[in-house]
Amino acid sequence: MIMACMHPNASVTTTHLTRAIGVACAGMLWFGVTCPAWADRPTPNLETGQVAYLQSCARCHGLSGRGDGVDAKRFYPRPRDFALGVYKFRSTASGTPPTDEDLFQTITRGLPGSNMPDWQHLDEPVRWQLVSYLKSLSPIFQQTQPAPVKVANDPGPAHADRANGKALYEKLGCAACHGMSGRANGTSASGLVDDWGMPIRPADLTQGWASRGGSDPQSVMLRVLTGIDGAGMPSYADAISPEDAWHLAYYVTSLQETPHWNLVAHARRLEGALPSSVDDPRWAAAERTDVPVRNVVNASGEWSAPPTVKAVAVEVVYNDEAIAFRFTWDDPTQDPPAPPSEAARQAGRGTPHDGLALLLKPAGSHGDVVTLQAWPSAEAPPLDLCYWSADTGEVRETVAADFDGVIGRTAPHPVLVKSGAGYEDGRWRMVLQRPLAPREPEGAAVIALDSFTSMAMAVWDGGNPSARAVSPWLDLSLGSYTTEKQRAR
Amino acid sequence: MTHRRLSSSIPLAVLVAIGCGGKPPSASAKTEGSMEVAQAPATSAPKASVPTPAGGTAAIPITAKFAGPAPARDVIKMSADPVCQQQHPTPFHSEEVVVDDQGRLKNVFVYVKQGLTGTFPAPATAVTLDQAGCWYYPHILGIQVNQPFEIVNSDATLHNVNAKPTLNQPFNIAQPVKGMKAKKAFTKPEVMVKFKCNVHPWMNAYAGVVDHPFFGVTDEHGSATLSGLPAGTYTLEAWHEKYGTQTQTVTVAAGETKAVEWTFKAQ
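First to last, the protein sequences are chains A and B.
Take numbering that gives the first Met the number 0: the last position of the first sequence gets the number 488, and nothing is skipped along the way.
Take numbering that gives the first Met the number 0: the last position of the second sequence gets the number 266, and nothing is skipped along the way.
Hints in this document: simulated from the structure, not taken from any laboratory.
It is possible that part of the hints are untrue.
Said to hold, decoys possible - Straight-line distance between alpha carbons at most 20 Å, and here's what the computed EDC-like set of lysine to aspartate or glutamate pairs gives:
id, chain 1, residue 1, chain 2, residue 2
1, B, 183, A, 237
2, B, 193, B, 240
3, B, 195, A, 193
4, B, 193, A, 194
Can you make the complete structure from the sequences, with help from the hints?
Written out as C-alpha cells, the structure is:
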C-alpha cells in the first residue's frame, strides 16, 4: 500500500485501504510533501539518534558535531560543523535551513567526490533519527523555517534547450568563477573562502564525478536556485525562472566528461614513429585511462589547501623501441603565465610552476613504495622520474631518492626526454616519449612488453604551491597478444 | 518528480488570518531617519507592546576624529573584471580608513546602545545598498530592524551579495543583471552585519542594525547627528571597521543639544 505511494504510476489492486492511502498520499502530494518518506518516519528520539550518531558520524564530525572529529583535518572539504547550522545542499532558499528530506538524502546518498560516504546500509528509521539528531545540534531549525524554492517540472533530456542554457550561462556570469568551459578557471576562481574560514575552489563542471551535491540535472538545477550556503555559490532564485534553471542545468551537465577510471593503463601499439605533439591525430588510437590524484597531506597530517588538480587522464602508445604518454589534466591557472622563455629555460628555477612527473620503478629495484603519499620515507627505494615543468617546458629523466632533488635540479645526471605541451582554457596536455629500455640515466626503468609495469604520476599546480597531488600505482600493460614467434624476434 | 512548491497557500492563509488578531500600530507621523517617533496605541495584538514616549527634542551632534597621521589608502586592483576596470580610469582607493585634512574620520557608525525605553516602529522608506563601479555605496550604513532594505546592482556585471550576519538570517544571492533589486529586511539588532561579493573580493560593506532610529554614520567631515532624542541618559557606541568600538555616556535634557566627540587612533 505504501508502495502505491512511491510509484504513483504503477497499477495497484484497489482495496478500500489502498484507495484511502492513495487519496491521503495524493492529498499530501498536493501540499508539496513527499509521501513515502513521511510514511516511514519514526517518532524522533534524540537518544536513539545520538547513539547512531556516535557510532557512525562522530569519528569525522566530532563528538559534539562541530566538524572536529579525529580524522577531520585529513579531509578536504572538512566534515560539516553542524553547530553552525549552515548547510550546503538543500532544496530551500538561501539562508534557510534544509528540509528533513534534504538531510535524509545527503545521509543516504553521501557526497560523491568527498569523504562523506553513503549510508544506505543503515536502516531508514535510523537515518531519520540521525536527521532529527542533527537538527537538535543547531538552533537555526527552531529560528527559521525551511523555505523550499519554487521548481518547475523536468523537461527531460529530449526537450531541454541547451542552447538557451548556454546563453544563460553567459548572461548570469557563471564564467566569472567556473570559467568559459566550466574548468573552474574563471577570473574570480581563486581567493574564495568559505564560512568556516577554509579556502575553497569553484566546481570544475567538467568533472561531474566530483560534484558533491550530485551531477544529475535535477541536483544542478537545485544548486543554481538555492545557492550553496557557506561556500561562494550564490542563489539565482531571483535571477532565473524555474524553467530556465532546468535548461541551464542541462547545459551544465552537458559539459561533464565521462571518466574512464582504471588502475590498468592499456598501451596501444603503433607502427612507425610515435606522436610527439599533443595534437597529433594518432593519439586517437590510444585508450584513455582516468586516474584520481590526491593532495599529499602536510607534515602534521593535514590537508590545508583545496585541491586544484583532481585527476589526470593518461593515454599510452608504443612501438618496438619507445613508448609515448599523453597526459591531460585540468589546472585553473597556467604557471608561469607565459610560455617558457629562453631565459627561464636557462634558469630552470624561480616562481612556482606547474609540473607533472611520471614515476616508474627503476630496473632491478627492490623494496616497495606502497603509496606516493608517503614517499620518500626512510628506507624507501629511489624512483625513476620523468619530470616536466612548465617553466622550462622540458622533461628530464632521473633516478632520484626524493622529489626535491628533481624539482630543484640537484639530482644527478638528468637526461633530456622528448616532449611537448600546451595549455588551453584551464587544461594542460603534455606528451613525453622515452625508450622502452633507456641506457641512461643509470638504473632507468625498463618497460616490459609482456608483463605489467608499475607507473604513477605526481602533479604540481604553481597556483597552489603548497600542494603536490599524487596518483595511486597503475599497472601499465603493453598489449597482451605477443606470440612466441614475436617474442623470439 | 515530486512537486515541491511552497506548502499550499490555502491552509497557510487560514492560519495567518487566525493568528494575527488586532490592528497593527497606526503609521501616523512617520518620517525617515531619526527625526520623529510614531505613536503606537495600546493594541489588542497578542503581544503586549510598551507605548513609545513622545517625540524627543534633544540632539547629539557627533564628530569623529583620527589621532596621528592618516594611513595611506590602498589602491584597489580591479583587473579581474574589465567591466569594473573600465569604470575606474584613475586609481580607486579603499574606504577602510578615510581621514580628511583636518583629521576627521569618515564611516564611523554611532548609535544609542543603552538608555532608550519604548519601541520604535521601522520607517517605511527603504535603505539602499548600491553596487556601482564594483564598489558598495554606502560602505557603512545604518538601518532599523524591519526597515525595508533594497540591494541594487548598478553594474553590467555579476555581483553576488553575500551577507554574513550571525544573529540575522544570512543569505547569498546573485545579481547578474544590471538594475536587479533585492528586497530584504533584518529582524534583529546586530552591530555590524558584513556584506561581501565573492566575484569581486575587494568589495565589502557593513550594516549596523538597531531597533530604534537614533544612529548615524559620519560623513567625509567626520560628522553625524543623533536627533529627536527624548531627555535621558544614554550610552553611545561608536564603531569603526579597523579601529574598533568606543563607548561614552551622555545625558541630555529636553531640547538640549550636546556635542560628543570620538577619537580613534591606530593600535
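So, going through the hints one by one against the coordinates:
1. With a C-alpha separation of about 12 Å, the suggested pair residue 183 (chain B) and residue 237 (chain A) falls inside the 20 Å cut-off, and the hint holds.
2. Taken as a hint, the residue 193 (chain B) and residue 240 (chain B) pair is honoured in the structure, with Cα atoms around 10 Å apart against an allowance of 20 Å.
3. Under the criterion of a C-alpha separation no larger than 20 Å, the hint pairing residue 195 (chain B) with residue 193 (chain A) is consistent with the structure, at around 12 Å.
4. Distance restraint check for residue 193 (chain B) and residue 194 (chain A): the Cα-Cα separation of roughly 12 Å lies within the 20 Å cut-off, and the hinted pair is therefore satisfied.
Hint compliance for this structure: every hint is met.
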